[in-house]
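Note that the protein sequences, when read in sequence, are chains A and B. 150 is the number that our numbering gives to position 131 of the first sequence; each next residue is one higher, with no gaps. 103 is the number that our numbering gives to position 115 of the second sequence; each next residue is one higher, with no gaps.
It is worth saying that the hints were derived from the structure and are not from the lab. Each hint should be verified, as a subset may be incorrect.
Some, not all, of what chain B presents toward chain A, calculated at C-beta under 7 Å [unchecked claim]: (1) T24; (2) F43; (3) M66; (4) S70; (5) I98.
Built from N, CA and C at the ideal position, the CB exists for glycine as well.
Take a look at the letters that make up each chain.
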Amino acid sequence: MLVNLGFIQLRFPSSIAIDPTAVCNDNVTNSSTCVINSGNITLSINGSIPALTSFLLTVDKVKNSAESTQTTSFTIYSYYDALYSSLVDRLETGLTVTMTANPITTASVTPLSLTTYAVTSYTLNFVLKDDISQNGYI
Amino acid sequence: MVSASFPTGTCQLVPNSQILRITNCFLTGAMTIWTTQIVLNGIRNPPSFKVSESFKIQTYSSVPTLTNFITSGITVQMNTASTLSTFTITPLDSTVHANTKHAIRIIHVIPLLINEYVVLNFDSTMQISNTVSCTALSGLSAISCIRNSNSQLKIIYTALPSSQTL
Chain A
20 MLVNLGFIQL RFPSSIAIDP TAVCNDNVTN SSTCVINSGN ITLSINGSIP
70 ALTSFLLTVD KVKNSAESTQ TTSFTIYSYY DALYSSLVDR LETGLTVTMT
120 ANPITTASVT PLSLTTYAVT SYTLNFVLKD DISQNGYI
Chain B
-11 MVSASFPTGT CQLVPNSQIL RITNCFLTGA MTIWTTQIVL NGIRNPPSFK
39 VSESFKIQTY SSVPTLTNFI TSGITVQMNT ASTLSTFTIT PLDSTVHANT
89 KHAIRIIHVI PLLINEYVVL NFDSTMQISN TVSCTALSGL SAISCIRNSN
139 SQLKIIYTAL PSSQTL
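Kindly produce the complete structure, drawing on both the sequences and the hints.
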């Protein structure tokens, strides 16, 4: 049970960025107030929420991780009232996502010579979908 | 020796048979120019007109994890055959209208594989016998011949050449 002024706090993995202008909403109560601050989402409770309540939280303007590996875990904490000392539930592991690499859709190759077995120059043109990070490679 | 030019300055190529890794391009910062052109010098073309397998392009972060990729649809196809560097044919008997043997010497530019073949077109005033036969002299352990017409002969390399001088 969470009571009036209780709150739920979610933290995204550091590799996932939330735009400062992003908006979050939940399906439980319209009177809740959702605030996003530097990757932390705080859902303030106005009223009370019983145990076993299923939450659906949506956040827009989230930029996926640049790495196609499993992220660290999202974390979720719930607090009975307005004080951080009133921790009720927590989840700190196992809530991860894994991105997939972005396919390139525009690419071409042009040999300077089309004579069999000739040693020649090849020009490759392609359009990346994402930045290549510092110390990355092709 | 393979070399490359790239829009973001000097890069290091790490050739590994069919794989080129372009590295050291992004030591001072991320590459944010997404439209990219790379010129690779010193690439040997495929030996035939057959459409090549696709080039594959993959970009990696510093972790490294795969970021962008394409593995199909980037092919090349040759349209000009390279010429033989040496071709000579010497008749054993140069008497007109004689039935004789011809010694053929070929230096191939492109390495040949088993069952690849040469098609020889003779002058139209010459005639290939219905019972034509071929013998490997040097550079080959086995060949076979098929008479395609009065003036055309197909020589099949039924064993791997020991050298490209035949």
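Against the structure, the hints:
1. T24: At about 6 Å, which falls below the 7 Å cut-off, the nearest Cβ of chain A leaves the hint on T24 of chain B intact, so it holds.
2. F43: 5 Å, holds
3. M66: Holds, because the Cβ-Cβ distance from M66 of chain B to chain A comes to roughly 5 Å (cut-off 7 Å).
4. S70: 5 Å, holds
5. I98: Where the cut-off is 7 Å and the nearest Cβ of chain A is about 4 Å from I98 of chain B, the hint holds.
When held up to the earlier numbered hints, the structure conflicts with none and fits them all.
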